[in-house]
Amino acid sequence: MAMLHIVNKSPFEKVAFRSCLNHAKAGDSILMIEDATVGAIDGTSFSEKLKAALADKSVYVLGGDLAARGLSEDRMIDGIKAVDYAGFVDLTVENETTQSWL
Amino acid sequence: MKFTIMVNEGPYQHQSADSALQFARAVLAQGHEIFRIFFYHDGVNNGTRLSVPPADDRLIQKEWSELAKEHDLDLVICIAAAQRRGIMDEDEAKRQGLDANNIIEGFRISGLGQLIEGGIEADRTVVFGD
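Protein chains in written order, with full-length UniProt numbering: chain A, 1 to 102; chain B, 1 to 130.
In isolation and in its complexed conformation, chain B is listed as follows (with noise of 0.2 Å):
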């Protein structure tokens, strides 16, 4: 079956980037397809990878970045939302006129256009947020 996965908070928030973390880890584990995971809202942080957390604590953008590349995922981040909380792409900081970007890999910048076509094209969408 195919999933599409939608991340409205970010990482160290609350708990629910690390839920859907752990859910897209159990859907794969499964045998199940991810079609994509848009992040929306705060959900736009766990693409930087700019985030240095105390050495003994998990880094949830890293494990999505890894999980991406061992599954060849697709991550979608909102533009809209990222610029507002600063999270650029290399493009993106260039068209804004910016000195530096912060994603991490793995991830991609793109519209709200992407959610709907993970809602269409998937069998369940499954929502996570705070």
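Bound-form chain A, shown alone (with noise of 0.2 Å):
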């Protein structure tokens, strides 16, 4: 049964980030909105650590709030999607539940 992990914390300033990464599976997506979006770009500290759930889990970024971020798509990490709110409720759809990492 695949879940949605929706992540809102920055990886550089909360644990919630890697929780969601060290207990998610195999076959899960994981969703970051709000300040998680800063976690979707190459070249950090915290970079090797989600390119390594992109091996058996997909990974997205709420567009907007990584643009409202400064942040542009071109630096995320290859593999990552981009999607909008459209994007995020079919998602929640495709996964039969979802796990809020607050």
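Some hints here could point you the wrong way.
To be verified - In silico DSSO-like links for lysine-lysine, alpha-carbon gap of 30 Å or less: (1) A/K14 / A/K49; (2) A/K81 / B/K2; (3) B/K2 / B/K69; (4) A/K81 / A/K14; (5) A/K51 / A/K25; (6) B/K94 / B/K62; (7) A/K25 / B/K94; (8) A/K57 / B/K2; (9) A/K57 / A/K81.
To be verified - Coverage of chain B stretches by chain A, computed from C-beta distances (three or more under 8 Å per stretch; other residues unrestricted): (10) 16-25; (11) 120-130.
It is worth saying that the hints were derived from the structure and are not from the lab. Just so you know, even glycine gets a beta-carbon here, dropped at the ideal spot from N, CA and C.
Join these two chains into a complex; the hints should help.
Now the structure itself:
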């Protein structure tokens, strides 16, 4: 049963994102919203951890929240997909359960 | 598909009230149904009509209220969380012996059982908060 993990905290500030990666199972999806979107950027102290998750999980970022923080999608780790709110809704439909890592 | 949405953060606090509002709009735009939106913890502050932000800022409480009116949504505020934070409807204000109420149209005050029922009745429950 696939789960959508919704993360809204920066991985450089809180441990929620790392906890999420430690708990998410193969086939799950991870969506970064709000402050978590900064975690999508490549070349940071967190990016290797997120790249490892991409091996068996799908990773998404809410594009508007990334842009609101002055970050462009071309700086993201390869393999991360940007979605809008309609895409966010689709992810909650495609996965049987959701977990918000508040 | 039927959704229940839980909002645990107040307006103008961080971003979650805005996120939840935009998510709710997207759910409805795609033809899904919202069974209930439950406001808990500081999220109850989404239900006051006495908030007056600067004229060029959004008024989140009014946006919830208008969305509820437009789509006949069930917006429920947790009673214990509301009493702690001074969110009152007419009945509660009277019961507590208070001189005013402040709930905005479209919201109602009830208990946590409404959240549990929302989780049971909906296909998906999505939580927003800080």
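Status of each hint after checking the structure:
1. Of the pairs offered as hints, the one joining A/K14 and A/K49 holds, with about 15 Å between alpha carbons and a cut-off of 30 Å not exceeded.
2. Restraint check: the Cα-Cα separation between A/K81 and B/K2 comes to about 26 Å, which is no more than 30 Å; the hinted pair holds.
3. Distance check on the hinted pair: B/K2 and B/K69 sit about 18 Å apart at the alpha-carbon level, within 30 Å; holds.
4. Of the supplied pair hints, the one linking A/K81 and A/K14 holds, its CA atoms being roughly 23 Å apart against a limit of 30 Å.
5. As the CA atoms of A/K51 and A/K25 are separated by approximately 15 Å, the hinted pair is consistent with the 30 Å bound.
6. With a CA separation close to 24 Å, the supplied pair B/K94 and B/K62 stays within the 30 Å bound.
7. Between the alpha carbons of A/K25 and B/K94 the distance comes to roughly 51 Å, so the proposed pair goes past 30 Å and is violated.
8. Among the hinted pairs, A/K57 with B/K2 is consistent with the structure: their alpha-carbon atoms are about 26 Å apart, no more than 30 Å.
9. Under the criterion of a C-alpha separation no larger than 30 Å, the hint pairing A/K57 with A/K81 is consistent with the structure, at around 12 Å.
10. Under a criterion of three residues with beta carbons nearer than 8 Å to beta carbons of chain A, the stated coverage of the region 16-25 of chain B is upheld, 5 such residues being counted.
11. With 7 residues having a Cβ less than 8 Å from any Cβ of chain A, the region 120-130 of chain B passes the three-residue criterion, so the hint holds.
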